[in-house]
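Model the full structure from these sequences, guided by the hints.
Chains as they are written, first to last, in the numbering used here: chain X, 1 to 209; chain G, 210 to 418.
Take the hints with a grain of salt, since some may be wrong.
To be verified - With beta-carbon atoms standing in for the labels, derived distance ranges:
hint, chain 1, residue 1, chain 2, residue 2, range
1, X, D168, G, E320, 35 to 41 Å
2, X, R190, G, K239, 26 to 32 Å
3, X, Q59, G, K239, 54 to 60 Å
4, G, K239, X, R43, 48 to 54 Å
5, X, K153, G, G228, 45 to 51 Å
6, X, T169, G, T350, 56 to 62 Å
7, X, K153, G, E255, 54 to 60 Å
8, X, T20, G, V381, 28 to 34 Å
9, X, E115, G, P323, 17 to 23 Å
What the hints assert, rightly or not - Derived lysine to aspartate or glutamate pairs resembling EDC-like cross-links, with alpha carbons at most 20 Å apart:
hint, chain 1, residue 1, chain 2, residue 2
10, X, K160, G, E324
11, G, K369, X, D68
12, G, K232, G, E304
13, X, K30, X, E74
14, X, K110, G, E387
15, X, K110, X, E95
16, G, K236, G, E387
17, G, K213, G, D398
18, X, K23, X, E95
19, X, K160, G, D398
20, G, K369, X, E95
21, G, K340, G, E324
22, X, K4, X, E95
23, G, K232, G, E387
24, G, K237, G, E336
25, X, K84, X, D68
26, G, K293, G, E309
27, G, K319, X, D189
28, G, K237, X, E95
29, G, K369, G, E304
30, X, K28, G, E384
31, X, K108, X, E142
32, G, K237, G, E304
33, G, K362, G, E384
What the hints assert, rightly or not - If you want the footprint, here are the derived chain X segments under chain G, 3+ residues with CB under 8 Å:
hint, segment
34, 52-59
35, 176-186
Worth flagging that the hints you see were computed from the coordinates, not collected in a lab.
Cβ atoms here follow ideal geometry from the backbone N, Cα and C, with glycine treated the same way.
Residues per chain are reported as follows:
There are 2 protein chains.
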Amino acid sequence: MHNKGLLIVISGPSGAGKGTIIKELIKKGKFWLSVSATTRAPRNGEIDGKSYYFLTREQFEERLRLNDFLEHAEVYGNFYGTPKSNVMERIDNGEDVILEIDIQGALKVKEAYPEGVFIFILPPSMEELKKRIIKRGSETTESLMTRFKSAYKEINYVSKYNYAVTNDTVEVAAEKIESILVAERCRVDRLKDHILDSKEGIIHEQLYD
Amino acid sequence: MHNKGLLIVISGPSGAGKGTIIKELIKKGKFWLSVSATTRAPRNGEIDGKSYYFLTREQFEERLRLNDFLEHAEVYGNFYGTPKSNVMERIDNGEDVILEIDIQGALKVKEAYPEGVFIFILPPSMEELKKRIIKRGSETTESLMTRFKSAYKEINYVSKYNYAVTNDTVEVAAEKIESILVAERCRVDRLKDHILDSKEGIIHEQLYD
Chain X
1 MHNKGLLIVI SGPSGAGKGT IIKELIKKGK FWLSVSATTR APRNGEIDGK SYYFLTREQF
61 EERLRLNDFL EHAEVYGNFY GTPKSNVMER IDNGEDVILE IDIQGALKVK EAYPEGVFIF
121 ILPPSMEELK KRIIKRGSET TESLMTRFKS AYKEINYVSK YNYAVTNDTV EVAAEKIESI
181 LVAERCRVDR LKDHILDSKE GIIHEQLYD
Chain G
210 MHNKGLLIVI SGPSGAGKGT IIKELIKKGK FWLSVSATTR APRNGEIDGK SYYFLTREQF
270 EERLRLNDFL EHAEVYGNFY GTPKSNVMER IDNGEDVILE IDIQGALKVK EAYPEGVFIF
330 ILPPSMEELK KRIIKRGSET TESLMTRFKS AYKEINYVSK YNYAVTNDTV EVAAEKIESI
390 LVAERCRVDR LKDHILDSKE GIIHEQLYD
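Shown next as structure tokens:
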């Protein structure tokens, strides 16, 4: 018997630095990054199975009928979703899976799979978040303000998560997440049956030898 | 505003190696080790305030009346207890307090202070536990068997704890506990008010500057 892998859900407002932290985690540890499925057309340079699984609308709807998404959403007429069987096979096999996802998606995943580890990435400060959003693109002051206010509102969802990690520096944030994963693997809720099973196994050999 | 310290309760069957792991933790980090109070007479070399707080029966009963114990028990006619105000002052001050305690005591502390971090130390195997119990003293085979069986039964209490850490090696076990503490400090349950408070503080400065 081996332990299941962890589903690590990394979420938070845009501009908090989720992507960079995940790159750092993958550089240092053995994780499998979940790839989303979408019905939108591939853009230049995007690779099927790496950037996204590119599906036709029919393929997507067939998977929906089979209940094979942990969550899905329609954005501007395109479907996006997290394929369930891909993720669950890895987890059952003892592998840890990282899922980078927006807040709405994360909350749906939590309903479908509450055993996941839900981590909210916080920007070091609102000022820093603003800087990062500005750096991202040439947006108008108005659209910038909209994005910033939306990020501000999103931070309230932190209360739905298990952990909050402030992205002061990428290295420290990644280390904190690694510690969270060590801790989660020690959680009695996850280990109980395993401990008592192995105790049974050992006791019969040892007590009467 | 600062965060409270953690009450770290280290418990588990005798022979699992709690004491050695705690020494390793204290060597590496800033912890305050809780000292128990007792009415039993000091033994050779024991120092008041370090080994125990040695109290008269009257002093102990006075503290009991003041509800100043996180837990207490009577063993062979002597009282033992964990002084509450000593521990709580440190925690309120942001310091982390380690409490090494037997399983019955730990369960009482959990009732009094469920925010504590309850860690159960498991021996690497039942065989190893047996070896350690044998190494401890010149016991008869019979009393050894009694102690071993009692340790075996105690392992069932692991389900009441938050975390289980197997003491394969002292260094690895101590590192796991350090990770657990990093993770606990990131738990949203502990941070929620703090995050939302600082957000409020920052947002008013930043949004309209």
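Hint check:
Checking the proposed 35 to 41 Å range against D168/X and E320/G shows it holds: the Cβ atoms sit about 37 Å from each other. At roughly 29 Å, the beta carbons of R190/X and K239/G sit within the given window of 26 to 32 Å. For Q59/X and K239/G, the Cβ-Cβ distance of about 56 Å falls inside the hinted range of 54 to 60 Å, so the restraint holds. Under the hint 48 to 54 Å, the C-beta atoms of K239/G and R43/X, about 51 Å apart, fit the expected range.
About 50 Å separates the C-beta atoms of K153/X and G228/G, a value consistent with the hinted range of 45 to 51 Å. Taking 56 to 62 Å as the suggested C-beta distance range, the pair T169/X and T350/G conforms, at roughly 58 Å. Checked against the hint of 54 to 60 Å, the pair K153/X and E255/G passes, with Cβ atoms roughly 59 Å apart. Restraint check, T20/X to V381/G: a C-beta distance of roughly 29 Å satisfies the suggested window 28 to 34 Å.
A hinted range of 17 to 23 Å for the beta carbons of E115/X and P323/G is consistent with their spacing of about 22 Å. Distance restraint check for K160/X and E324/G: the Cα-Cα separation of roughly 18 Å lies within the 20 Å cut-off, and the hinted pair is therefore satisfied. Simply put, K369/G and D68/X have alpha-carbon atoms about 36 Å apart, too far for the 20 Å limit, and the pair is violated. Between K232/G and E304/G the CA atoms are separated by roughly 17 Å; this keeps the pair inside 20 Å, and the hint holds.
Our distance criterion of 20 Å between C-alpha atoms is broken by K30/X and E74/X, whose separation comes to about 31 Å. For the proposed pair K110/X and E387/G, the alpha carbon gap of about 27 Å is over 20 Å, so the pair is violated. A distance of roughly 19 Å separates the Cα atoms of K110/X and E95/X; the hinted pair therefore holds under the 20 Å criterion. Straight-line distance between C-alpha atoms of K236/G and E387/G comes to about 12 Å, which keeps the hinted pair within the 20 Å bound.
Proximity of K213/G to D398/G is assessed by CA-CA distance (about 12 Å); at most 20 Å being required, the pair is judged to hold. Taking the CA atoms of K23/X and E95/X, the gap is near 17 Å; set against the 20 Å cutoff, the hint holds. At most 20 Å may separate the alpha-carbon atoms for a hinted pair to count; K160/X and D398/G meet this at roughly 10 Å. Annotation: proposed proximity of K369/G to E95/X is violated, straight-line Cα distance about 27 Å (limit 20 Å).
Only pairs whose Cα atoms come within 20 Å are accepted, and K340/G paired with E324/G is rejected, the gap being roughly 35 Å. For the given pair, K4/X sits about 7 Å from E95/X by alpha-carbon distance, which is consistent with the 20 Å threshold. A C-alpha spacing of about 13 Å is found between K232/G and E387/G, which places the hinted pair at or below 20 Å, so the restraint holds. In summary, the hint linking K237/G to E336/G is not supported, as the alpha carbons are separated by about 29 Å, beyond the 20 Å threshold.
A distance of roughly 5 Å separates the Cα atoms of K84/X and D68/X; the hinted pair therefore holds under the 20 Å criterion. Note on K293/G and E309/G: the hinted pairing holds, with a Cα-Cα distance of about 14 Å set against a maximum of 20 Å. Restraint check for K319/G and D189/X: the C-alpha separation of about 16 Å stays at or below 20 Å, so the hint holds. A distance of roughly 31 Å separates the Cα atoms of K237/G and E95/X; the hinted pair therefore is violated under the 20 Å criterion.
A threshold of 20 Å between alpha carbons decides the hint, and for K369/G with E304/G the separation of about 25 Å lies outside it, so the pair is violated. Among the hinted pairs, K28/X with E384/G is consistent with the structure: their alpha-carbon atoms are about 18 Å apart, no more than 20 Å. Taking the CA atoms of K108/X and E142/X, the gap is near 30 Å; set against the 20 Å cutoff, the hint is violated. Among the hinted pairs, K237/G with E304/G is consistent with the structure: their alpha-carbon atoms are about 15 Å apart, no more than 20 Å.
A hinted pair counts as satisfied when its Cα atoms are at most 20 Å apart, and K362/G with E384/G does not qualify at roughly 27 Å. Figure legend: the segment 52-59 of chain X, annotated as covered by chain G; annotation inconsistent (0 residues with Cβ-Cβ distances under 8 Å, at least 3 required). Proximity of the segment 176-186 of chain X to chain G, defined as three or more residues with a beta carbon under 8 Å from a beta carbon of that chain, is established by the 8 residues found.
Consistency note: the structure conflicts with the earlier hints numbered 11, 13, 14, 20, 21, 24, 28, 29, 31, 33 and 34.
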